[in-house]
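Q: Given chain E's structure and the hints, the job is docking chain S onto it.
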Amino acid sequence: MVKIAWIAVLSIGFAVAAEEKVDFQRDVRPILSDKCFFCHGFDPETREADLRLDTPEGAYGNLGGYSAVVPGKVKESELYLRITSKKKKEVMPPPESHKTLNPEEIETLRKWIEQGAGYQEHWAYEEIKKAEAPGGKEIDHFVTQKWKAAGVQGSKPAAKEVLLRRLSWDLRGIPPSAQEREEFLRDKSPDAWGMLVDRFLADPKYGERMAVWWLDLVRYADTIGYHSDNPMMVSPYRDYVINAFNENKPFTDFTIEQLAGDLLPNASLEQKVASGYNRLLQTTEEGGAQDKEYRAIYAADRVRNVSEVWLGSTLGCAQCHDHKYDPFTARDFYSMAAFFDDISENGIGKRRPNLSVPGAEEEARITELKKALENGKVEKLLKDDADFKAELSAGMKTWLAGAELGRSVWRPVKFSDFKTPEGMTLKVLDDGTVLEGGKIAATATYSFKMSSPGKVSAIKLEALTHESFSVKDGFSRGNGNFVLTEIEIKNKGKKLKVSSVKADVEQPNFPAKAAFDGNQKTGWAVGANMPEGRKGTRRAAFVLEKIIELKGDDALDVTLHYQSPYESHSIARFSLSMTAAGHADLEDPLGPASEVVEAFESSKRTPKQNEVLRNYYLSIAPEILAQKSKLRSLEEELKKTEGGMRKMLVSEALEKPRVTRILPRGNWMDDSGEVVQPAVPEFLQKEMWKVEGRANRLDLANWILHKDNPLAARSTINRVWRLFFGRGLSPNVIDLGGQGEVPTHPKLLDWLAADFREGGWDMKRMVRKIVSSQVYLQQSGVNSFSREKDPSNNLLARQGRWRVDAEFVRDGALKISDLLNDKKLGGGSVKPYQPAGFWQHLNFPRKVWKASEGDDLYRRSVYTFRCRTFPHPSMVAFDATSREECTAERSRSNIPQQALAMLNDPIFVEASRVFGARMAEHEGTASEKIAWGLTEALSRKGTSEEVELLAKVYQSQLKKFNDDPEAAVAFLSTGKWPATANVPAHEAAAWGQVGRAILNAYETTSRF
Amino acid sequence: MIDTTNRRTFLNQATVGIGALAFQRQLFAEGIPEDIKMAGNPKAKRVIFLCMAGGPSHLETLDHKPTLAKMHGQPMPESITKGQPIAQLQGKALKCLGPQWDFIKHGQSGQEISSQLPFIGKMADDIAIVRSMTTKQINHDPAHTFMNSGTQISGRPCMGSWIQYGLGSETKDLPGFVVLTSVGGGQSQPIASRQWHSGFLPSKYQGVHFHSKGDPVLYVGNPKGVGRADQREVIDAVKGLNSIRNGLADDPEIATKIAQYEMAFRMQASVPELVDLKGESKDTLEMYGAKPGDGSFASNCLLARRLAERGVRFIQLYHRGWDHHGGVKNGVAGTAKLVDRASWALVQDLKQRGMLDDTLVIWGGEFGRTPMSQGGGNNPGRDHHIKGFSLWMAGGGIKGGVTHGATDDFGYNAVEDVVTVHDLHATMLHQLGIDHQKFSYKFQGLDMRLTGVEPGVKVIKNILT
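First to last, the sequence lines map onto chains E and S. Under my numbering, the first residue of the first sequence is numbered 512, with each subsequent residue one higher. Under my numbering, the first residue of the second sequence is numbered 23, with each subsequent residue one higher.
One should not assume that every hint holds.
Claimed, not checked - Sample of chain E residues at the chain S side, in silico, Cβ under 7 Å: (1) 737; (2) 741; (3) 797; (4) 825; (5) 1380; (6) 1481; (7) 1482; (8) 1489; (9) 1492.
Calculated directly from the structure, the hints in this document are not laboratory data. Beta carbons are placed, not taken as given, at the ideal position from N, Cα and C, and that holds for glycine.
Just chain E, with the same shape it has in the complex:
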């Protein structure tokens, strides 16, 4: 009986098959493309026998009395004869191509010829058609149509808690908390799901989650990629992407701003940041790399990326020759490259940031500071601020009424204990100054003691001339010039630190501060005949870092060094004095000029003298000094804020773009190729491409988004679909072209693409539609139908299930342990723990990974510093990409390195022990704590079997750590987060082990 039934089925199957019309797109084209086009396709260079099968003209054409394909006539079609030939020399494809047609494929081609051998444009290049469907239920409509045809029913909706977890992973990249679960389960309102979707879409974590997807496409990374792989600054671009998803920026603006934000009129800061997209490619600084070669490499990199990201096309394959499977020509490749030849950049070498990007807080502060600086200018206050003026004139009155002219009062010192080089002498003159005598030596060092009781905040050294000197108005007994190479002042054996110095005259390159830099090769010098300064006197006031106090006969030890190569440059007459004036009063430590002294002391002042006094007062007025010091600190803050702003690489257009040539066979050394202008692929230009003059990146973006260009909407929505089902409607999400895969649901794909476009390219709207469909809500479990008949889930009769992306594996662990730092959005890239020495093979310069500090250790993984040559190893274990090329679909491996990372990487150990501490601190018995922990991690109640299993682990580990308290402390010291103080160490450690078991369970990292 069974046997008979089978035969019946088969014969019916055959009868249906014989009558069934083959679908060129679905059935025929993939065979021709995969098996024939390599030699009989678009590329004339590799075309054999002058036959092309990609066009009807080629297929039907006369080959000399016969044709490859004669519509309706199988036996007259050379193609059919050749593919069925048994002769080695005749059969197609030729055996050496290692491509063979199986019987089903031959049968399909036979039927196709029999049915008229019709051709259609490849589906992806056809215009998008929006099929009719019941409003609001379109997705379900198209999917159930297929179910009906196949006689299948979809899977039942998954349980509420499963759906919550699924949606949380899909929209936020983290699992829901136990509390979120409780709230959602309690919410019985009919629109509970819709509200949840809205809530998650409004969560800033949505943008961070979507960014992980987009950044893979555009190959965002923090390093240049080649050779030294040095850092490049682009992190504001990453934040732009996050914000764009969160603000739900239309995909049109999102596209235009990235490709050509810098070309927009009055481009905003945000638009400029977006144009950083064009700088994300890999570049080199390698010595010996050739500019021309790398320009060609960069051009290809950009063509590959822009065509893969926005067109779902592999135009990049046409670098050396016309594309084998799609109508792209090498000319198209170079014409696309030409769009980017306006970008200002060097071929080889450092990528220097060309934009500073303030954060919101920085921006506000900078505006504030600039305003305060402008308004606080002394000139402005003197002009406009009545209060300030009144205060100032009152101050001046008091000053004039006082007995003291300056605020810096210098008191003379008493010298003793002179020590001089042999033959040289120093003696104190009657006026208290010291005069050098005796032998004139090339170099000299003097020391002596000086005393003057009272506080000392500064010491003034005054060089003076003397009538006995051979050079008039000179200061030394040589040529009159001096170089003081060092002054040392000691108090009770301890050297006093000098914080600043003010000198009235300094020779270029010989500043007074060089006299206390500890270096005898530098010094303070003046020339006797320099026009500046007062004749016969040169002064320098050394301000001490700390004010000291001298009592009674306390003396300072002073040493003056004159060790310069200039001979006999010692100061031959000098005086020293000290002041106790406070630091604020040392603005003019040298005191006023003589004309001020005269004016001050004059009993009858001339108007000129009043003017002199007023000007002088302005230079010492405490009101002004205070204001100036305030301005200085504001300026410093401004400089610091501006300097601390993130910098980045953005697009900047050259006035004269570089010349783009077709490189024959991709050879960068061959200059013989034709010069091309920027243009989009010729076969896709149709009516859309009308540009006058040289087209630019803005034209490219507008063409990508043109309503008649089907590729951007189709490829984007196909990829968005994959985020929510694990597979694209056309499963090859990178390439919709000839070697891609025909969509499982072409009408649905087109409907979504059309709706995306008509609805204003609104991403959240599309996401909401997808996750609100019944198809999305299905269970993901496999039933006998899907296992046996539809293992690829072509009919979408169940949901997908998978291990979440590398970023979310870590984010999930941080969330479950409550370590996740979600207070901050965006910012510079951060460095979580990484094994020491992991960067040892990077060089020029050598690099060391220094882990971030504090909260930055626990930020979401989208912010982790992405090094292209050595990406973070535990992220790589979970298939994070190196961001060298566009990735539309990561592999999802299941390898031992994942187990090693989850078990032993400090971040997962730390998350486990902190999660363990949360369990320990939770109310209840050990079993209740475990049950709570399971719900927190898995969004469901743990089974008694699971709880028992973990309780055993707890008891056993508790005993172990009780017996070995040092091990407990060691275990709890993994990671920077402090161990809990509320639970004894051995308990906390045992709970940490329970935490490890739960975090390592496959379910914890899976979306289902």
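A: Just chain S now, kept in the frame of chain E:
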């Protein structure tokens, strides 16, 4: 074994969680899959690739050029260099630099080898020297990428991953593709982890980098305060949770996960055992010149033998120290000292253990160096050079005592029996029993091969037994 062309379709099923594993190539070897097998019997089971990173000067190591000595100091004929790619000598005067070291004839074969490689010289009759290598990339990073993956585009699988993918692993306790690194003797050019990346092949075929400091394999050590028994207990708990879950979900990924945790646990024991050289005799250590734990090329060669013994399929050693832009004379001598003896010891050790016959050893850099001098003066060097350079191979069905191919009188262009990187890959695959033309993987709609899509790739038959 399934049809290669449809493998991608099956891989896609992995994303929706149905038995992907069943359709992929098995992780463990079951002989060479029919669809990629070459005619005849394979000679080699494994490869040890001693990568002399930085680009050793063939003119001071394996390619004897007496004519170049006569031309020393003379301008290089423009007819040779015109229009050729050039690295750091761009725009500089190009003058010949004669060989800086003598060459000595060795063994019965009389192969000529530099005086600076006395140990390699001793085994001249065991090795085949190829003097006509060429490559397409003139800078280190892309040249390594080209040598490893056959293309300079990032994101393509390297040869070790290809071989893993084709043949599977023979060890259940260790990764099947291991990379070891050492430095010394010259400028240490960086080396990127993409050199052992699996590209578009599944990540399980990726090379695992062993470190000489810290954990030999990343994360192979237990957390602080956790002993092996505790680790076992945690893994058992994970297994328990996974088994309970699998009872409900029936997801093959869970079963795989359980197996991978067991593999990880075994690695936690087998890796420390592997790198622990205590069991090696004093004689062996002396033969290699290895001091346990020093991270030297010598120690790595000894580890390579231990890895080979344990069934690791592809073992790649990088010694970063051959970039002699200046002072090529002393530079080559210095770096040679660090690698010569151990290279010899490895081949001899394999031989005495009967493993040389099925282990293919390859010794060479990503490119050679110019016959022209770089930086004149007393201490000249040589720039990167791609038109002709040398390497040697031994074991795994390679004929000893032969020299294959030749460069011109200057050592500039390979002129006789030119060998490309693709030819080298084809030969390596051939020795492993794989027909390189049949060995492809569908990516971006193309049948990708390690040996590229262009025709004309050939196995170097002359050097095969």
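Q: So, for every hint listed, does it hold in this structure?
A: A quick look at each hint next to the structure:
1. 737: holds (5 Å)
2. 741: violated (10 Å)
3. 797: Since the shortest Cβ distance to chain S is 5 Å, the answer is holds.
4. 825: With a closest approach of 5 Å, the residue 825 of chain E hint holds.
5. 1380: holds (3 Å)
6. 1481: holds (4 Å)
7. 1482: Hint on residue 1482 of chain E: holds, closest Cβ of chain S at ~3 Å, below 7 Å.
8. 1489: Residue 1489 of chain E check fails; min Cβ-Cβ to chain S is 16 Å, beyond 7 Å.
9. 1492: Because about 18 Å separates residue 1492 of chain E from the closest Cβ in chain S, which is outside the 7 Å limit, the hint is violated.
Violated hints, in rising order: 2, 8 and 9; the structure is consistent with all others.
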